[in-house]
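Novice: Start from chain A and add chain B according to the hints.
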Amino acid sequence: MNVLESCKEKYKDSQQFFEDKDATLFLTHFGELDSEKITNLSSKSEEHLIEIGAAKRTVRNIFNILIEGLQNIINHGDTSPNGKQLSFFNMGEFNNQYLVSFSNLILNHKTNSIVEAINRLNNEDQAGVKQIYLKTLTNGEISEKGGAGLGIITMAMKSKNEIKYQVTKINHELSLITIEAKIDKI
Amino acid sequence: MMENLHIEETKCTPFINGDVNGALTIKGNCFPENSLTFFETINNWMDALPSDLSSFVMDCELNYIASSSVMHIFKLMQKAEEHFPVDKIEIKWKFEVDDEDIEKLGEEFNNLTKSEIELIPVEV
Numbered sequence: 034m035n036v037l038e039s040c041k042e043k044y045k046d047s048q049q050f051f052e053d054k055d056a057t058l059f060l061t062h063f064g065e066l067d068s069e070k071i072t073n074l075s076s077k078s079e080e081h082l083i084e085i086g087a088a089k090r091t092v093r094n095i096f097n098i099l100i101e102g103l104q105n106i107i108n109h110g111d112t113s114p115n116g117k118q119l120s121f122f123n124m125g126e127f128n129n130q131y132l133v134s135f136s137n138l139i140l141n142h143k144t145n146s147i148v149e150a151i152n153r154l155n156n157e158d159q160a161g162v163k164q165i166y167l168k169t170l171t172n173g174e175i176s177e178k179g180g181a182g183l184g185i186i187t188m189a190m191k192s193k194n195e196i197k198y199q200v201t202k203i204n205h206e207l208s209l210i211t212i213e214a215k216i217d218k219i
Numbered sequence: 089m090m091e092n093l094h095i096e097e098t099k100c101t102p103f104i105n106g107d108v109n110g111a112l113t114i115k116g117n118c119f120p121e122n123s124l125t126f127f128e129t130i131n132n133w134m135d136a137l138p139s140d141l142s143s144f145v146m147d148c149e150l151n152y153i154a155s156s157s158v159m160h161i162f163k164l165m166q167k168a169e170e171h172f173p174v175d176k177i178e179i180k181w182k183f184e185v186d187d188e189d190i191e192k193l194g195e196e197f198n199n200l201t202k203s204e205i206e207l208i209p210v211e212v
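Protein chains in written order, with the numbering used here: chain A, 34 to 219; chain B, 89 to 212.
Quick caveat, the hints were computed from the structure, so don't treat them as lab data. Just so you know, even glycine gets a beta-carbon here, dropped at the ideal spot from N, CA and C. Watch out, some of these pointers could steer you wrong.
[What the hints assert, rightly or not] Below, computed lysine-lysine pairings styled on DSS-like, alpha-carbon distance capped at 27 Å:
{"hint": "1", "chain 1": "B", "residue 1": "Lys192", "chain 2": "A", "residue 2": "Lys193"}
{"hint": "2", "chain 1": "A", "residue 1": "Lys163", "chain 2": "B", "residue 2": "Lys192"}
{"hint": "3", "chain 1": "A", "residue 1": "Lys197", "chain 2": "A", "residue 2": "Lys77"}
{"hint": "4", "chain 1": "A", "residue 1": "Lys54", "chain 2": "A", "residue 2": "Lys41"}
{"hint": "5", "chain 1": "B", "residue 1": "Lys192", "chain 2": "A", "residue 2": "Lys89"}
{"hint": "6", "chain 1": "B", "residue 1": "Lys163", "chain 2": "A", "residue 2": "Lys163"}
{"hint": "7", "chain 1": "A", "residue 1": "Lys143", "chain 2": "A", "residue 2": "Lys45"}
{"hint": "8", "chain 1": "A", "residue 1": "Lys163", "chain 2": "B", "residue 2": "Lys180"}
{"hint": "9", "chain 1": "B", "residue 1": "Lys182", "chain 2": "A", "residue 2": "Lys168"}
{"hint": "10", "chain 1": "A", "residue 1": "Lys70", "chain 2": "B", "residue 2": "Lys180"}
{"hint": "11", "chain 1": "B", "residue 1": "Lys192", "chain 2": "A", "residue 2": "Lys168"}
{"hint": "12", "chain 1": "B", "residue 1": "Lys202", "chain 2": "B", "residue 2": "Lys180"}
{"hint": "13", "chain 1": "A", "residue 1": "Lys89", "chain 2": "B", "residue 2": "Lys115"}
{"hint": "14", "chain 1": "A", "residue 1": "Lys43", "chain 2": "A", "residue 2": "Lys168"}
{"hint": "15", "chain 1": "B", "residue 1": "Lys115", "chain 2": "B", "residue 2": "Lys99"}
[What the hints assert, rightly or not] Pairwise CB distance ranges (calculated):
{"hint": "16", "chain 1": "B", "residue 1": "Asn199", "chain 2": "A", "residue 2": "Val200", "range": "33 to 43 Å"}
{"hint": "17", "chain 1": "B", "residue 1": "Asn131", "chain 2": "A", "residue 2": "Asn35", "range": "40 to 50 Å"}
{"hint": "18", "chain 1": "B", "residue 1": "Ser143", "chain 2": "A", "residue 2": "Leu140", "range": "48 to 58 Å"}
The shape of chain A in the complex, shown without the other chains:
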C-alpha cells in the first residue's frame, strides 16, 4: 500500500469511528490545505455550530482549535514521496462533547518530540499549561513558516481536556500523526 492509499484507509477508519460511536460528523476534509481552505472550513464550522445552538464561548474555542490544528498541519506536516502534504481532519458532535481531530504525515524521527510536548501538556493542570504558554510566548521564537510553537498549547488551553494523539507508522520514513481535541458542551 502506498502513502496515499494508507492515508485514505486511515481517513476512512477515522470517519467510521464517528459512526461506531453514534456521533454526528459534521465537517471533514481530506487533502492538502491552504489559507483559503482553512478560512472556508473554519467559517463552515462556525456557521454549523451557531445553527445547532452551541454556546458562543464553545463556538469561539472550537474555531480557535480549528485554526491552530489546520495551521499546524501547514507549518509542520511533512509530504508524501510525490510532494503532497497529505492530511485530513474531522469534526463531530457527541452527546456531551465536540471532537476535532487532525491527521498529517510526519517524518518518523520527528514523532518523539511532538509526543513528548503533548505528554508534557497533559501532565499539567490548566495553570501549568498557562505557564508553558506564557513562557513560550515571551521566548518570542517564530519559525520561517510563521509558527510560534504555541499551536498545541493553545489547543490544550481552549479544549480544557487532555489532548489525545496516535502515531501510525506508514513506512520506514513516514508516519501519520493524529491529534484530537475534545471540547465539553456547556
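Specialist: Positioned in the frame of chain A, the structure of chain B alone reads:
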C-alpha cells in the same frame, strides 16, 4: 518620505492602518497563513517611524487570533516600547463584552509589558 500604512481587511487578516503621526490600528481576524510575512510589513513600517513623536497609540480590536499572531502583536508592543518612551505610548485593547479569551489576552499583555494597556469592552 515615510507614508501611512494601509492594509485592507480579509476574512483571515485584519484591517491595518498606520498613521505616521503615531498611531497603529489593528482590527479584525488575525490568522494569516504565514504570520511572519504578514507582520513583516507592519514591523518595517514601525521601524521607520521617528522616535521623537509626541505619542504613539496602538489600537487593537481583534476577533479570532491565531497563536502565532498573538506573538507578533506582543512583539509589536515590545517594539513600541523599544522605540518610544513608555509614557508616550498608549495601547488600547478592545474586546467584545463576552469574549473572555480576548479580554484575558489583553490582561496578559498588560502583565508582560511596561506600558499600561487600557482594556475596553465593546458592545456588538
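Novice: Hints first: check each against the structure and report whether it holds.
Specialist: Going down the list of hints, with the structure as the test:
no., hint, verdict
1, B:Lys192 / A:Lys193, "holds (16 Å)"
2, A:Lys163 / B:Lys192, "holds (12 Å)"
3, A:Lys197 / A:Lys77, "holds (24 Å)"
4, A:Lys54 / A:Lys41, "holds (20 Å)"
5, B:Lys192 / A:Lys89, "holds (16 Å)"
6, B:Lys163 / A:Lys163, "holds (19 Å)"
7, A:Lys143 / A:Lys45, "holds (25 Å)"
8, A:Lys163 / B:Lys180, "holds (23 Å)"
9, B:Lys182 / A:Lys168, "holds (24 Å)"
10, A:Lys70 / B:Lys180, "violated (32 Å)"
11, B:Lys192 / A:Lys168, "holds (16 Å)"
12, B:Lys202 / B:Lys180, "holds (14 Å)"
13, A:Lys89 / B:Lys115, "holds (20 Å)"
14, A:Lys43 / A:Lys168, "violated (36 Å)"
15, B:Lys115 / B:Lys99, "holds (11 Å)"
16, B:Asn199 / A:Val200: 33 to 43 Å, "holds (37 Å)"
17, B:Asn131 / A:Asn35: 40 to 50 Å, "holds (43 Å)"
18, B:Ser143 / A:Leu140: 48 to 58 Å, "holds (50 Å)"
Of the numbered hints given earlier, the model fails hints 10 and 14; all others are met.
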